[in-house]
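Participant: Dock chains R, W, D and C against chain Y, hints included.
Protein chains in written order, with our numbering: chain Y, 1 to 747; chain R, 1 to 133; chain W, 1 to 500; chain D, 1 to 98; chain C, 1 to 120.
Hints may be right or wrong, so weigh each one.
To be clear about the criterion: a stretch of chain W counts as covered by chain Y if any three or more of its residues have a C-beta under 8 Å from a C-beta of chain Y, and this derived list gives those stretches [what the hints assert, rightly or not]: (1) 133–143; (2) 245–256; (3) 464–475.
Which residues of chain C face chain Y? A few of them, derived with a C-beta cut under 10 Å, are [as the list claims (entries may be wrong)]: (4) A6; (5) F11; (6) V59.
I should point out that these hints are in silico values taken from the structure, not numbers from a laboratory.
Note that beta-carbon positions come from the ideal geometry of N, C-alpha and C, so glycine has one too.
Given next are the chains, with one letter for each unit.
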Amino acid sequence: MTQHATTGAGRLYGYAASGLAALIFVAFAAMAPGVVGGQPVLADWPWAPSLNILLAFMVDGLSLIFGLLISGIGSLIFLYATGYMGDHPRFGRFVLFLFAFMISMLGLVMARDLITLFLFWELTSITSYLLIGFDHDNPRARRNALQAMLITAGGGLALLAGFILMGTAAGGYDLAHILAGQGLQEHPLYGPILVLVLLGAFTKSAQFPFHAWLPNAMAAPTPVSAFLHSATMVKAGVYLLARLHPTLGGTPSWTVTLTAAGAVTAVLASVLAMRQGDLKQALAYTTLMALGMITMLLAGSHPYALTAAVTFLIVHSLYKASLFMVVGAIDHGTGTREVAQLRGLGRAMPVTAVAAFLACASMAGLPPMIGWIGKELIYAGGATMTGAPLVLAAAVAANALVFAVAGVVALRPFLGAPVRTPYPAHEAPWQMLAGPIILAACGLVAGVLAQPLLGAAIGSTLTGSLLQDRAAGLHLWAGFNAAFVLSILTFTLGVMLYVMRDRFATLVDPVLRRLPSLDNGWDQLLDALRDLAAWQTRVLQTGRLTGYMLAVFAVTALALGATILHGRPVIMPELPRSAFLWLTVGFTAAGAVVALNTHSRIAAIAGIGTVGIGVAVIFIFAGAPDVATTQLMVETLSAVMFAIAALRLPGLVERRSRQRQLAHGAVALAVGLCVTVMVLSVTASPLDRTITQYFEENSYVLAHGLNIVNVVLVDFRAFDTFGELIVVLLASFGAYAVLKRKGRAGA
Amino acid sequence: MNSLILSVGARFLTALFLLFSLFVLLRGHNSPGGGFIGGLIGAAGFVLYSFAAGVDAARRAVRVDPRAIGVWGMALAIIAGLASALASLDPFTGLWLILADLALSTVLVFDIGVYLAVFGAILTLVFALEETL
Amino acid sequence: MSWVLALPIMIPFVTAVLAFLLRRSRMGDLASVGGSAASLVVAVVLIAEVLDQGVIAGQIGGWQAPFGITLVADHLSAAMVLITAIIGLSVAVWSLAEIGPTSARFGYHALFQSLLGGVTGAFLTGDLFNLYVWFEVLLISSFGLLVIGGRKYAIDGAVKYVTLNLIATVLFLAGAGLLYGATGTLNMADLRGAVAASPDQGLMTLIAMMLMVAFGMKAAVFPLFFWLPASYHTPHYAVSAVFAGLLTKVGVYALLRVFTLIFVGDVGYTHEILLWVSLLTMLTGVLGAAAQSDFRKILSFHIISQIGYMVLGLALMTPLAVMGAVFYLLHHIIVKTNLFLIAGVSQRLTGSSDLYAIGGLYRTAPLLAALFIIPAFSLAGFPPLSGFWAKFVIVRASLDLGEWLVAGVALLVGLLTIFSMTKIWAEAFWKAHPEGRQPALADLPRSARWQMMVPIIALAVMTVVIGAFPSAFLEFATKGAEQLLDPAAYVAAVLGEARR
Amino acid sequence: MTPTAFMQTSVTLALIMVGLAIFIGFIRLARGPSLADRVVALDMMTTAVIVVCGLYAVRTDAEAFLDIAVALALVSFLSVVALARYAERLGRRNDRDD
Amino acid sequence: METLVACLSGFLVATSIWLMLSGNLMRFLFGLLLLSNGVNLAILAAGRLTPGAPPLLGVKGELPADTMANALPQALLLTAIVIGFGLFAFALALTIQAYRTFGHLEVDRMRIAEPAEERE
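Extracted from the complex, chain Y is given alone in its bound form:
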């Protein structure tokens, strides 16, 4: 990486952000006693009172757990990032985005108003877009950032609709109010609300079938993955499910949907995780598995299931953040993340190895790690759920697979004889080691001291946020029960899978290959969208002016014609007897006919001139000398200008095919007919002449003029005339510019 002048400053930003995050962590910790004691912290400001929207926040048990995880892991991540990429030329920008992301995430978990929540939800989408695409010179990164953005933002829009409906159903957007109410399970809008909210949550938490974006999001720098895909971004969806569990949960549709989506995601993801050659990809898929597991547990309504969900969430955040950082350290130290190229790193990277072992032990669910308690609880909770056998089977399968993956990640790279790597393997700097070690150690400490450390927080989450009457206890030894048996089964299966992973590969690979790839489907979807767009543009925006005009006139004819049929205006035709008028109308129309098809420019001009003269005669006939004079003057000047212009213009040729002519003629006649009908209908009833009468009476008295038309023009309606003179003047300006400005190149 190239050295940059601002390197020192960049690192400083990293440390500062880490410190700030640590302060936030402390602040949350300080809030903990009160919150655990059942006193959530509340704050709100009016935001859009006319829409009944608050900028409202609340810290209860659930928010507290998330807040601690986000700020705590965040602090370590900033430290890690400083070691990992502190000399990147745009590291300052990186820290800024990551910090903005952290704040958005904290806002999300503390929001008490649905719209406030949505605000931060979307902010996480934007900031994660910028972070995933941080390596913006790489087209792959840009593509994957877009994918993440579109899927999560699309879900976000569904969520918005869901929230709006919830607001309507519950009579407000204030969560405190909604959760205190009856729950919306019986409300007629429940169905749509559920579908829309789940769409939002599933896309954000990458549940099947929206999971494709998450592994692709690994294009981001590793600190981003470690943060976004362990404790934060992807957890937003599960957070939302947990948060809304009391008001939306518990119905059959909730249970079935969550169980199915969670189970499929968990199993599929863990199978896929087994098959990844890239360590980071493998971790990404196990993240999916964890999200699936939590979603599945949130389908339940029993305290055991929910305790398991919350506990497993903590478990996963701790080990996954740690492991991502470990992988980053390996990448940093050796130049590769390919499992196949990594052996025997334990000697060169001892601290990393320790962190990896500890984290993987938690991931595998080995005692006395917190992961063991989490797994036990999953089985205990799963047993309470509807469809328990299926749930348990899925859980065992997923856990066993993850056990094997843990082996691949933690054992293989560090054990055995060292092999050649792109760089000679070396330990990472301290900034990059602090995070993994601390978090992995937390997994151990939390396991040993589970109940004293976490019991109260989880308890208050269950009773305060999820409105259960109690929580399950967190014990390393819960007795020789069904859960224990299943754990043993899991280990056995896991070991078998690890040992026979090549056999397993030959077994599943053909199946996996045949599965439709959602990622390819994504590209096809976008291509289809582009094709549709291109097709539409070809059809509508053809670049051919006659097509545009035909559309405009056809729409006019259609709009007027349909309305005539719809409203049936009254018409009373009545033919005049004046022979002179007939003659005038006759030659006017004939003049138009001459202009219609002639190839001679002069004949066309003369024809138009005839029409002008005819119209002027009608004006005379109607007692409008001013108008007639103006008409004749304008007609003369138009003819003069045309005559000047015609010298520079080519002759006229009719190029339309017979068919076109017919179509154009039909549209033209239709519009003309509509105009005639309108005029006839207007003249069918008498005119209210109040205004004219006023003009006639006051034109001399008040405006000192005998020519009423002129008085109207310069006095009664002088403002029209003012605009009109500007139009004429500006027309000449425009024409002058168009004719005189020498054409510049450029196309």
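Facilitator: Showing chains R, W, D and C alone in chain Y's frame:
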């Protein structure tokens, strides 16, 4: 165009046009006419002149850039519209000064503005068209 | 009273005269900026008056309505005037950096100011025929501005723009004339009563449709929008910015005004049509954008799609929906103008507007990148930017009515908007410049940098402020919508107790 | 038949005849075939309109229509001059009009 | 009388549309002129046709004995005619410039601003 009658007559005709246009302008408030028609007729005079003597000669005869004439007309119309502020009346209210038989008013100023704007605009147009060969 | 209404219209024309007379010196440019600043001051006074007194009306020439021409300002009009002044000043300043002495000598500033005058006149007039006149003023100014750069493709764009818009204005003229013939009045407040009292309601609907086509064309709704994408990418950037902000909005304003004040007799028919039109407008606009690869063309198509939202608000005709339309109108002017200005800076820095031929702005022009994010994401409807509230209100209004399809389309279009905005972002900002250029703001001359960036920053700040502190703006829009849906105050202000 | 009635009838008859004249002039204008034919026909029609103005002034007893006649008489030949110029230049360029 | 003018107005509108659609810019201009005339006639007819007395008052401002023609639509028409002329003049200039730019007046072949799609 080399028609003797036209080139000889054009000077007189242009003067006649101008005179007639002023006449139409000034009496417009009471009989058919007014700024528009006056402006059109006045401009027609110079159009004829340009036919007879060429655009350059016509431009010289007008002396000022026709666009500027038009803008001054617009300025006059604006002044006429805003003048009523002095009498704290609504905008575009006519102010009348009637001396015996002669009526002077902002309304007339406004009409003169219209005249000049139309006059300038048409000459701008026709001259620009003529010059694009 | 009437002066505060007339001055916002008159000042731009005075400025136009001054700017033209001073066109050969730098003073012309300064006159334009000064005049725009004066307009802004007057617009602020106007809106203060309106906030203070409700709907205000003034009679031109002192002729009592409905005999003379009335100027009226309610919340909507006053806000539109203010925003026009803001856009006017921003673009006038921005123009200093783009418009060269040649365009100035051909009367750029005069045309530009007249455009603003015409737009303001259209917002303030209470007379249908006078509205037509202001439409023409802004139209002819826009013709001039479109071609003043003298580029070849501008001629092509102008041919399409001019021909199609001429058709629209003739339709408007015919509609106004026929409506006069049917009711005997042109005053819009008076027309409300006259149209309602007309014995031939079928005819009223028919004239309403004629005006709908005319205004719909101005507003660029489906399927009458062709002129917009054909021309908006061809003139000076300053010109397309002010077009993008204001021109179509005049059409939307006219629709809003006429179809809440005058033609409410057959809402089941007219507004149902508007509803379908709005949906198709949203969809076709956003899909059109997805097919483009030119910065300004993408933005042009998005104008169409966003117009759909505003028309949708009108079509739904509930207080909340109309409020959404009003809010959308105001927010969109700021955002869209800003995006075109940013496109202008981008073109200046990277040398093209073809997204496949440019890039690298993110790395070397981070300020511009940050400033693009704000309006772009506001357009896409992300909180806490102004566009979020606009979209929120419209979607909520349609959901409240149980219009699932409408809400779905509105949301889908939001998603596709994100798609286009991120496309611009990825191609122009993230991607490296294909020719390896390193476009940076420092490349601009010092003065141009200020002239271009200050308006962009100001507009971006407005977007953020409206989004972050929406309550005052929402309440304002609510009040505006109330006035639209119940025009009693409007009618009373115009006509007094005298007539009808 | 009173003199007024006689006057009215004659004016109406005259109007119809002028109308016919315009129509006949129009036929020349439409058929051409030469450019000069058309230009002259147009001029003739304009002149006929001047007559219409006069007759109409007599019929309605409103002198306002005479003003149109005067103005038109003054300006009408402008278009003829312009068209003639056009014809002349076209001839010089050997450009056929159709 | 209105009926006949209404028919003429509709006829002029129809012919103008046919001309406008022809794809030739000069014909579009012819169409534009006819369209203005047609619409002006429609406005005149909508304001009712009163054969005879022009809206002029007597020397002392007295109203004439028989009803006068409606002054308001006449004023509107005057405005409309002049505006129409301005628009026409601009369109004419644009046509000349388009011819100088493209060498022809076929609008469908003016494809600089919206070139035919190449990537397909």
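Participant: Hint by hint, say whether it matches the structure.
Facilitator: Structure-based check of all given hints:
no.	hint	verdict
1	133–143	holds (count 7)
2	245–256	violated (count 0)
3	464–475	holds (count 4)
4	A6	holds (4 Å)
5	F11	holds (5 Å)
6	V59	holds (7 Å)
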